[in-house]
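Trainee: Residue strings, one per chain:
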Amino acid sequence: MEYLYFLYIDFLHKYNLPEFIGMATFPLLPFCMVAAALILVVLFLVLMERKVLAFFTQRKGPNRVGPWGLFQTIADAIKLLCKENITPTGAEKFMFNLAPLLAFVPVMVVWGLIPFSSEFDFMSYSVSALLFMTIASIPTLGILLAGYASNNKYSLIGSFRSVAQAISYELPLVFVLVSIVVLASSLNLRQIVLAQISVYPFCGWFIFPAFLGFLIFFICATAELNRCPFDLPEAESELVSGYNTEYSGMKFAFFFLAEYAMMFIMCAFMATLFLGGFLSPFGFYLSERFIHNDLLAQVLVYFEQVFWLFLKTFFLIFCMMLVRATLPRLKSNQLMGFAWKVLLPLSFLNLFFICCYKYFIYAK
Amino acid sequence: MMKKSLKPFRDIIALALGHLTVFKHVFKRPVTLEYPEKKLPLNDNFRGEHALVVDNEGKLLCTACGTCQRVCPSFETIEIEKEKNESGKFYPKNYTIDLNKCIFCGNCVQYCPFGAIIMTKEYELADEKKSALKLDINTLKKNYSDSIIKKTVKSKR
Ligand code: SF4
Ligand code: SF4
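These protein sequence lines map, in sequence, to chains A and B.
The numbers in our numbering rise by one with no breaks, and the one at position 182 of the first sequence is 182.
Position in the second sequence (first residue = 1) + 364 = our numbering.
In isolation and in its complexed conformation, chain A is listed as follows:
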């Protein structure tokens, strides 16, 4: 990052701009990139979800707006922004308006924690995995607030369900994360990725020792994201649409954005932990092998790393959509029982197994 900073200052010098502008604007640049990328990804993701679900059910999905329906989400977004922002009469005004922000802002923050390439993570701390889990659980608070403030029983029940679900599924999630931390001996996400490098291509990925952990993590992430089959907080048939029933216009768009962005980030996190993050599945980088111009290859490697991360992420998202298309919604008691009676013991088992693995095999 420091190298980039000097490049940036140099660039400003060329146009006779003073250095303090560079100092002031440099931290903003990553933020802008993160924000823009997030919005683009979400726009694409909504379309992808609709298209993929359509393919699973032998339909065509959106195909009217733009070629192949590409601009459908943009049209939907514009429609949402044009709508009126209604605040119900009985609602707690301040909290009602705060809730969408509380659901959205943490998503923006954790997005910056993902290591996109070996040189390029916007925020890299020695405890970033822990930080990720901490911040990623804040949107639940936003949901609780939304349900409480909208003065609507459906919203309230939806948000209660969401919180209960998030709390019970967070536990196995964290235990699996602990097992990964044991494997990698680090809490830094980039170090976790680098620990997955091995002599043979993709054999070092943590999904192999921790396959059970991967399954648990996948299930828990689905539950955290309130997606099918764990979408009880938004159960349309019982709760209208759960905590966001009373929201409209821009505020609803925030919830919507947060949900899909969180889905992408969770999958990216999963890819980072289990599927080798930005590592190439071939054991070498294509741009290093095929482009002989050194400087160009050096730059392209970073883009390739981003590409691999996104590929793995989209593979996981595809799996989530497959699950959504296949399974029906659970009952509330099944949901809790499953988390406490099945997933939690299994995650202990996984942790135990990983510790043994690390002690006997890895440590040699």
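Just so you know, the hints here were simulated from the structure itself, not pulled from any lab data.
Incorrect hints may have been included.
Here are the simulated DMTMM-like pairs of lysine to aspartate or glutamate, each with C-alpha atoms no more than 20 Å apart in a straight line [as the list claims (entries may be wrong)]: (1) A:K51 / B:E398; (2) A:K60 / B:E401; (3) A:K331 / A:E170; (4) B:K403 / B:D510; (5) A:K60 / B:E398.
Chain A regions said to be covered by chain B (calculated; three or more residues, Cβ under 8 Å) [what the hints assert, rightly or not]: (6) 54–67; (7) 322–331.
C-beta atoms are modelled at their ideal positions from N, C-alpha and C, and glycine is treated no differently.
Mind docking chain B with the ligands on chain A? Use the hints.
Mentor: Below, chain B with the ligands without anything else, positioned relative to chain A:
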């Protein structure tokens, strides 16, 4: 009966098979029919907008007998104004069907003793104004000639 201890494994296999079944559908062709461009073929018995049959001389077959009015299950849907012509025969001076009230049961067509009223295959009837769905005698005549041109009904000539 399978042993109880095996049940989790059986469940997991069932889950995997379920996902596989859904996944297979990706490779199948979509069954969607994109409606305004492509339409499903209609049955011969399809009951759409009404039409009054006109014979070779351009006269209506209808004798204003009122049978259709009597068999119609819907309230005040068909309204007929009777009139006698020079040769002492009755003919409808005006004949309105209010499609806002019609349930497209087809009774009027079934019971008409002269085969004077038919149903075309026109079903895209949506309009901005309610009054557009009140078909008067001229519209009903025009419907008949239109459907002859479109070959959606057999000519009675
Ligand atoms: S189709 Fe049925 S409801 Fe409609 S006018 Fe004829 S008899 Fe009446
Ligand atoms: S349409 Fe048929 S049943 Fe109705 S008044 Fe005319 S002749 Fe009689």
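Trainee: The structure should be examined with respect to each hint, and the outcome stated for every one.
Mentor: To see whether the hints hold, each was checked on the structure:
no. : hint            : verdict
1   : A:K51 / B:E398  : 16 Å, holds
2   : A:K60 / B:E401  : 15 Å, holds
3   : A:K331 / A:E170 : 19 Å, holds
4   : B:K403 / B:D510 : 19 Å, holds
5   : A:K60 / B:E398  : 9 Å, holds
6   : 54–67           : holds (count 7)
7   : 322–331         : holds (count 5)
Against the hints set out earlier in the document, no violation occurs for any number.
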